[in-house]
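Asker: For reference, the chains in residue letters:
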Amino acid sequence: DVKVTQSSRYLVKRTGEKVFLECVQDMDHENMFWYRQDPGLGLRLIYFSYDVKMKEKGDIPEGYSVSREKKERFSLILESASTNQTSMYLCASSPLWTGASSQLEQYFGPGTRLTVT
Amino acid sequence: QKEVEQNSGPLSVPEGAIASLNCTYSDRGSQSFFWYRQYSGKSPELIMFIYSNGDKEDGRFTAQLNKASQYVSLLIRDSQPSDSATYLCALEGGSYIPTFGRGTSLIVHP
Numbered sequence: 001d002v003k004v005t006q007s008s009r010y011l012v013k014r015t016g017e018k019v020f021l022e023c024v025q026d027m028d029h030e031n032m033f034w035y036r037q038d039p040g041l042g043l044r045l046i047y048f049s050y051d052v053k054m055k056e057k058g059d060i061p062e063g064y065s066v067s068r069e070k071k072e073r074f075s076l077i078l079e080s081a082s083t084n085q086t087s088m089y090l091c092a093s094s095p096l097w098t099g100a101s102s103q104l105e106q107y108f109g110p111g112t113r114l115t116v117t
Numbered sequence: 001q002k003e004v005e006q007n008s009g010p011l012s013v014p015e016g017a018i019a020s021l022n023c024t025y026s027d028r029g030s031q032s033f034f035w036y037r038q039y040s041g042k043s044p045e046l047i048m049f050i051y052s053n054g055d056k057e058d059g060r061f062t063a064q065l066n067k068a069s070q071y072v073s074l075l076i077r078d079s080q081p082s083d084s085a086t087y088l089c090a091l092e093g094g095s096y097i098p099t100f101g102r103g104t105s106l107i108v109h110p
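If you're matching them up, the sequences are chains Z and C in order. Read in this note's numbering, the first sequence has 64 at position 64, and its numbers run on one by one without any break. Read in this note's numbering, the second sequence has 75 at position 75, and its numbers run on one by one without any break.
One chain only, chain C, in its complex shape (with noise of 0.2 Å):
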């Protein structure tokens, strides 16, 4: 059973402040990571995803692999109110079942 582990938080940063996001993984033979971003009451949405070791921006957003270490980061700089919300990191093994964390609950506030 793979498993994927986040800090439930809520992780409280201040507005421009960097928000690190970080998500650990048993399974070794796990190819695509992948970040999904669930405001309250909505359904998620993907932000961004990574596939090689080493860093991936898009915007004010990096996504960060290691997998000999087997964790994966989201950094979200220049944090601002509406980046609140509960991200899911989710990973995809070689059987192309998707599995995800539970997610990390972020409030960035004024």
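Here chain Z stands alone, though its shape is the one from the complex (with noise of 0.2 Å):
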């Protein structure tokens, strides 16, 4: 069974702290990709990474860097909280484009909801 962990649930931290969001899949895929979900603005993608130590930005990294170690591990962090990064964090992961698949045959985490005050 496929399975994406995020580190947390829920997550309140203070303006201006170093926020460190953990994203773990077990599918061996080599895409993973950090996304946020607000009331009304749909999901909008932060950053994704198609292999280790690469990465890539999406629609809206500012404020926003990321870190491939391994395989299976993305993380997303946020350098200096601010109150317009609280939001539904979600992390995805899906396999390598072969032409019979797609990046978009994504599967998500539970999500981390963030709360920053």
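No wet-lab data here; the hints were simulated from the structure. All C-beta atoms in this analysis are idealised placements derived from N, C-alpha and C, irrespective of residue type, glycine included. Incorrect hints may appear among the rest.
[Stated by the list, open to error] In silico lysine-lysine, DSSO-like type, Cα no more than 27 Å apart, as pairs:
1. C:Lys42 with Z:Lys57
2. Z:Lys71 with Z:Lys18
3. Z:Lys13 with C:Lys42
4. Z:Lys18 with Z:Lys70
5. Z:Lys55 with Z:Lys3
6. C:Lys42 with Z:Lys3
7. Z:Lys71 with C:Lys42
[What the hints assert, rightly or not] One side of the interface only, derived from the structure: several residues of chain C facing chain Z at Cβ under 7 Å:
8. Ser43
9. Pro44
10. Phe100
11. Arg102
With the hints as a guide, dock the two chains, each given alone in a separate frame, to form the complex.
Answerer: Right, here's the structure in full:
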């Protein structure tokens, strides 16, 4: 059974703190993604990675960074948390595109609801 | 910028009816189209994908793709209250960066 896990379901941090969100997948997927989801705005891609130590900016990378030191683990870092980063953060993974599959065959983790006060 | 448009709803249908969810997109280069279901408080889960024009059926679900008109639809036959969720349309263009619509809320009432 495929599985994507995230380190916390709920997190409360103070403005200015450095925040680490961890994501681990056990499916040996090459691709991993970080999204945030806000009411009325849908899913927005922050960063993605298609290989270890590789990363690509998504639509809203400002204020975030990522790290992928191992294939199964993709971390999202908020360098200095701000209140406008209060959101639901979703991690996803997908297999390498082969022509028979797609990077959009994504498997999502349960999400981390982050509140920055 | 690729855009994916969905009516936010809610779309309300009676139990047993056909629910029709629609999605239009702006990028003619889009190749792959996906439907995700998201229950309240949960993360999205993939339910169907379609690459070619026409219909693709999987149980009570049918995805329809019309690339010339740039729309993709999801039909749910014999709708059940357990189908009540938000349905996200997603597409992938040549850059392999996914784009999601904002979702349509479906309510199936007994």
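Asker: None of the hints should be skipped; say for each whether it holds.
Answerer: Structure-based check of all given hints:
no., hint, in the structure
1, C:Lys42 with Z:Lys57, "holds, 25 Å"
2, Z:Lys71 with Z:Lys18, "holds, 23 Å"
3, Z:Lys13 with C:Lys42, "holds, 22 Å"
4, Z:Lys18 with Z:Lys70, "holds, 21 Å"
5, Z:Lys55 with Z:Lys3, "holds, 22 Å"
6, C:Lys42 with Z:Lys3, "holds, 14 Å"
7, Z:Lys71 with C:Lys42, "holds, 25 Å"
8, Ser43, "holds, 4 Å"
9, Pro44, "holds, 5 Å"
10, Phe100, "holds, 4 Å"
11, Arg102, "holds, 4 Å"
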